[in-house]
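K.L.:
Read off the chains here:
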Amino acid sequence: MRQQFLERFSWIDLFLWVLRVGVIVLIVWGTIRSLALGKYSATTWLSLIIAGLAQGSIYALIALGYTLIYGVLLMINFAHGEVYMAGAFTSTIVAEALKQSGYAERYPIPMIGLLLVVSMVVSTVVAVLLERVAYRPLRGSPRLVPLITAIGASFALQYIFRGLYGSAFHTYPEFGRMWGRWNVGGATIQVVQVVVLVAAVVMMVGLYLFVERTKTGKSLRAVSEDKEIAALMGIDVDRVIAITFAIGGLLAGAAGVCRGLYQPQGMYWFMGFFPGLKAFTAAVLGGIGSIPGAMLGGLFLGVFESVGPNLFLEGLGIPAAYQLKDVIAFTMLVLVLMFRPQGIMGEKLAEKKA
Amino acid sequence: MFESIRLDWRSLVRLGLLAGVIAFSLCTIGMVETFNERELISGVFTVGHVLLFAVPAGVGYLCAKDSSKSKRIAVLASGFIVGLFSALPLIVLVLLVRAIDLRELGLVNMSPALGDLLTFNLGGVVGSLVLMALTGVLGLAGSAVHVMPDRIRRPLMNGVLGTLGVGLFSDIVIALLRNLFGRGAVRLLFAAGSLKPGVGIGLFIILAGVTALWEARGERFRGGLASMVPIPGRHLRLVGPVLGILVVLILPLLLGTYLSEVADVVGLYILMGAGLNIVVGLAGLLDLGYVAFYAIGAYTMAVLTSQTELGYGLSFWTALPLTVLAAVLAGFILGVPVLRMRGDYLAIVTLGFGEITRILALSDFLKPLFGGAQGIQKIPNISIAGVEFVKPEHLYYFILAGCLLAFFISSRLRDSRLGRQWMAMREDEDVAEAMGINLVKTKLLAFAIGAGFAGLAGAIFAPKLSAIFPHSFNLIVSINVLCLIIVGGMGSLPGVVVGALILVGMPELLREFTEYRLLLYGVLLIVMMIVRPEGFWPSEVRKRELRAGSEEPSPAGGGNPVEPT
Numbered sequence: 001m002r003q004q005f006l007e008r009f010s011w012i013d014l015f016l017w018v019l020r021v022g023v024i025v026l027i028v029w030g031t032i033r034s035l036a037l038g039k040y041s042a043t044t045w046l047s048l049i050i051a052g053l054a055q056g057s058i059y060a061l062i063a064l065g066y067t068l069i070y071g072v073l074l075m076i077n078f079a080h081g082e083v084y085m086a087g088a089f090t091s092t093i094v095a096e097a098l099k100q101s102g103y104a105e106r107y108p109i110p111m112i113g114l115l116l117v118v119s120m121v122v123s124t125v126v127a128v129l130l131e132r133v134a135y136r137p138l139r140g141s142p143r144l145v146p147l148i149t150a151i152g153a154s155f156a157l158q159y160i161f162r163g164l165y166g167s168a169f170h171t172y173p174e175f176g177r178m179w180g181r182w183n184v185g186g187a188t189i190q191v192v193q194v195v196v197l198v199a200a201v202v203m204m205v206g207l208y209l210f211v212e213r214t215k216t217g218k219s220l221r222a223v224s225e226d227k228e229i230a231a232l233m234g235i236d237v238d239r240v241i242a243i244t245f246a247i248g249g250l251l252a253g254a255a256g257v258c259r260g261l262y263q264p265q266g267m268y269w270f271m272g273f274f275p276g277l278k279a280f281t282a283a284v285l286g287g288i289g290s291i292p293g294a295m296l297g298g299l300f301l302g303v304f305e306s307v308g309p310n311l312f313l314e315g316l317g318i319p320a321a322y323q324l325k326d327v328i329a330f331t332m333l334v335l336v337l338m339f340r341p342q343g344i345m346g347e348k349l350a351e352k353k354a
Numbered sequence: 001m002f003e004s005i006r007l008d009w010r011s012l013v014r015l016g017l018l019a020g021v022i023a024f025s026l027c028t029i030g031m032v033e034t035f036n037e038r039e040l041i042s043g044v045f046t047v048g049h050v051l052l053f054a055v056p057a058g059v060g061y062l063c064a065k066d067s068s069k070s071k072r073i074a075v076l077a078s079g080f081i082v083g084l085f086s087a088l089p090l091i092v093l094v095l096l097v098r099a100i101d102l103r104e105l106g107l108v109n110m111s112p113a114l115g116d117l118l119t120f121n122l123g124g125v126v127g128s129l130v131l132m133a134l135t136g137v138l139g140l141a142g143s144a145v146h147v148m149p150d151r152i153r154r155p156l157m158n159g160v161l162g163t164l165g166v167g168l169f170s171d172i173v174i175a176l177l178r179n180l181f182g183r184g185a186v187r188l189l190f191a192a193g194s195l196k197p198g199v200g201i202g203l204f205i206i207l208a209g210v211t212a213l214w215e216a217r218g219e220r221f222r223g224g225l226a227s228m229v230p231i232p233g234r235h236l237r238l239v240g241p242v243l244g245i246l247v248v249l250i251l252p253l254l255l256g257t258y259l260s261e262v263a264d265v266v267g268l269y270i271l272m273g274a275g276l277n278i279v280v281g282l283a284g285l286l287d288l289g290y291v292a293f294y295a296i297g298a299y300t301m302a303v304l305t306s307q308t309e310l311g312y313g314l315s316f317w318t319a320l321p322l323t324v325l326a327a328v329l330a331g332f333i334l335g336v337p338v339l340r341m342r343g344d345y346l347a348i349v350t351l352g353f354g355e356i357t358r359i360l361a362l363s364d365f366l367k368p369l370f371g372g373a374q375g376i377q378k379i380p381n382i383s384i385a386g387v388e389f390v391k392p393e394h395l396y397y398f399i400l401a402g403c404l405l406a407f408f409i410s411s412r413l414r415d416s417r418l419g420r421q422w423m424a425m426r427e428d429e430d431v432a433e434a435m436g437i438n439l440v441k442t443k444l445l446a447f448a449i450g451a452g453f454a455g456l457a458g459a460i461f462a463p464k465l466s467a468i469f470p471h472s473f474n475l476i477v478s479i480n481v482l483c484l485i486i487v488g489g490m491g492s493l494p495g496v497v498v499g500a501l502i503l504v505g506m507p508e509l510l511r512e513f514t515e516y517r518l519l520l521y522g523v524l525l526i527v528m529m530i531v532r533p534e535g536f537w538p539s540e541v542r543k544r545e546l547r548a549g550s551e552e553p554s555p556a557g558g559g560n561p562v563e564p565t
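So the sequence lines, in the order shown, correspond to chains A and B. In terms of our numbering, the first sequence opens at residue 1 and continues consecutively. In terms of our numbering, the second sequence opens at residue 1 and continues consecutively.
Read the hints as simulated data drawn from the structure, not as lab findings. Please note: incorrect hints may appear among the correct ones.
[As the list claims (entries may be wrong)] Restricting the straight-line Cα-Cα distance to at most 30 Å, the calculated cross-link-like pairs of lysine-lysine (DSSO-like) are: (1) A:K325 / B:K367; (2) B:K378 / B:K367; (3) B:K391 / B:K378; (4) A:K227 / A:K215; (5) B:K378 / A:K39; (6) A:K39 / A:K325.
[Stated by the list, open to error] Just the calculated beta-carbon pair ranges, DEER-fashion: (7) B:L122 / A:E174: 43 to 49 Å; (8) A:Y208 / B:L122: 56 to 62 Å; (9) A:Y208 / B:V126: 56 to 62 Å; (10) A:L335 / B:L180: 33 to 39 Å; (11) A:P137 / B:I205: 54 to 60 Å; (12) A:R136 / B:L253: 39 to 45 Å; (13) A:L335 / B:H471: 51 to 57 Å; (14) A:P137 / B:R154: 29 to 35 Å; (15) A:I24 / B:P494: 45 to 51 Å; (16) B:S11 / A:R139: 23 to 29 Å; (17) A:I12 / B:D66: 43 to 49 Å; (18) A:D236 / B:G43: 27 to 33 Å; (19) A:L335 / B:R154: 57 to 63 Å; (20) B:L243 / A:P137: 50 to 56 Å.
Note that CB positions come from ideal geometry on N, CA and C, so glycine has one too.
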């Protein structure tokens, strides 16, 4: 028995176990301390959670693009954050023009609809073009190759849009104000947060129905099972892949408008990079390839990020914990990939996929 | 007469319009206008023109390449037509820019000046016609290049490319001239940093003439050379390398301070590239957070040597081994969690590590250690026996020594047992493990040694700037290093140098390009992956590996191809 244990024992496992236990102890300890300090009231926590859910639903919409594309091509579309940026940034430019002309004030709802259309169209076009120009010629090449291409595409897109609209920060019209606030048990909730959350959920239900109920959805699932067999069954694989990118683009475009409604400031050419990374984290967290997983992962990550600095870090005596918001997201990504790479909802991935 | 020439009008128009849309996009993102500020030939010709004209000429060439089987006159005519149609989107652009001020709508680069540039200040109608005629002629020229015989094409191409090259890298040429022949020579040939028109034409004629002569008479000379080589034997073969070494050694003297600074930056990137080459090129572990080790090296050096209250005030030489050790340790520690991840996941997680490092260095949390956003100042210069390395010319030798060390170590490692294990692991982890390779050890060593090189680069970077800030260590550094080893050729050491010269050296010389540097990187990465995934100077192994998939075994090649089962 002892012999067996010694044979199996390795320093790596020990290190990983120490890491696991250490992280859990830190989180628990930080949480207890923070709660014991009592610096924040229950209503503060509630509004932090709602803010996290709104932010998380934006992540979730972007994460769906990662998940869908990973499902069919088994590649991480590193440039998906830029697809989101393309729609969001373009719609910001249009929104500023609408604001100047006064339409945005007079007819807010139709104008939001218009922006949604602009953003979704631009993102979809960018996503489909990206697939056609950068990824399609590389089908069947070694796995690092499309990833490197995606990194290149990401930078190219950023700087194309920077060249197009300039490097300045832009601001959405304050549409979110018009809905005002709700007061729930002492906690104030911006209605726009609820709007964003509901919009995201509606879109995701729509996507789920599309994938499960329509014929195109069926062929999409077939392609993600096995491209060759799907082709033999008479499915146009290239077309299905293009449709997948288009759907990813549509959702990312919608996410762009949600972001504009919820956080009007700070729209610029680099705005897609970190949301893209975090959405990827969300997709992995939920189990990459799973549609409900991306939704859950996004919401989870949003809440974690919003609550985390105050809950886990402040109790550990870390000053200005909000600066480490991104560290929480990335640490979470590392931990998930280390200890549960299949995510919350994901099936156990075969070796070739992992 | 025209009945005999059949043209596929639809595809020609489509191709021309596509090229026009590309040129249109280049204009809308401001590249043409920005590059227009850099003159190649004084007062006549700018980089913007090159960019703009390259599109119709290139598409004319492609068009000729596709239809090389048809009659010569038909090929030329289609080149001309494609060129003509590529002007249409640009004319639309001119009309747009003249009709409304698009800048107010947020398209910042659509200025009326762009319209003037496209119509050569000749006014709307005349200018558009001239533009159309010009693109037509360029398309024609592009297709002509494909059609004409080699003995005309080579002199022409050498003349054009050589003159453009001298114009583009005028900084180097000017510095060389100034240091070798004095300022008079510079003033004679250049006006405000660009070639004088007469000089440009002269250069073209000389280059074309020399090439033509070489083409016509070269055979005999080459034959003579070939028969000469065996006689003096080794001595002649040594001339090339010896000259190369000499040039590298006296480079700072030739280049002057500014260009030496550029050479220093290139050197640091070569050093990092050699390290990442081990991790990505040999071991096949895509690391996007390589900057973390560079940062760890620089910060360790800064903390150990800085003379502020943050530092311990050690000397550079005491701190150097500790710094490299710290980076190697960091490589081990960050390597452990990612041991079981592959490919894409590994890339994203290492990217996360890089960002975490930067955010932590920037945060108030670690400010007492690393100085937060203000960074660490007062890092003493490198000194040997009381002599301080201050000027870039002096640091150059230090960095050169570092690079040579890195090259020595990595070439020895590549040919060692460990190197073979890395390459086996890169090809297939499972098979490598089945062959008895200890994956854990092999992977960790790759991370650690790669990290050590980055640590060394960081250790030189800190005293070079004498102050470091978290902003110097963002993701772009990782991407730069990755790009340079990919462009050079993964796993190839000369490739690292080529990649660093192209990706780090060139942009420093073309300062007008700064704004579009990463755009060009991105496009270069995509194009490289599609057209030449093995890089400019590939290692032998890699070349075979990447080409293996595309080359079907030919049945005529003798032997039976293995039946797929």
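K.L.:
Now look at each hint and say whether the structure bears it out.
P.N.:
Hints versus structure:
1. A:K325 / B:K367: holds, 17 Å
2. B:K378 / B:K367: holds, 17 Å
3. B:K391 / B:K378: Given that 30 Å is the threshold and the Cα spacing comes to 16 Å, the pair holds.
4. A:K227 / A:K215: holds, 16 Å
5. B:K378 / A:K39: Given pair B:K378, A:K39 is violated - Cα atoms ~40 Å apart, limit 30 Å.
6. A:K39 / A:K325: holds, 19 Å
7. B:L122 / A:E174: 43 to 49 Å: holds, 47 Å
8. A:Y208 / B:L122: 56 to 62 Å: holds, 59 Å
9. A:Y208 / B:V126: 56 to 62 Å: holds, 60 Å
10. A:L335 / B:L180: 33 to 39 Å: violated, 60 Å
11. A:P137 / B:I205: 54 to 60 Å: The hint (54 to 60 Å, Cβ to Cβ) is violated, given that A:P137 and B:I205 are roughly 41 Å apart.
12. A:R136 / B:L253: 39 to 45 Å: Violated - the Cβ-Cβ distance for A:R136 and B:L253, about 51 Å, lies outside 39 to 45 Å.
13. A:L335 / B:H471: 51 to 57 Å: violated, 27 Å
14. A:P137 / B:R154: 29 to 35 Å: holds, 30 Å
15. A:I24 / B:P494: 45 to 51 Å: Given range 45 to 51 Å: holds, Cβ gap about 49 Å.
16. B:S11 / A:R139: 23 to 29 Å: Holds, at about 24 Å.
17. A:I12 / B:D66: 43 to 49 Å: violated, 56 Å
18. A:D236 / B:G43: 27 to 33 Å: violated, 55 Å
19. A:L335 / B:R154: 57 to 63 Å: 60 Å Cβ-Cβ, so the 57 to 63 Å window holds.
20. B:L243 / A:P137: 50 to 56 Å: violated, 41 Å
Hints 5, 10, 11, 12, 13, 17, 18, 20, counting from the list given before, are not met by this structure.
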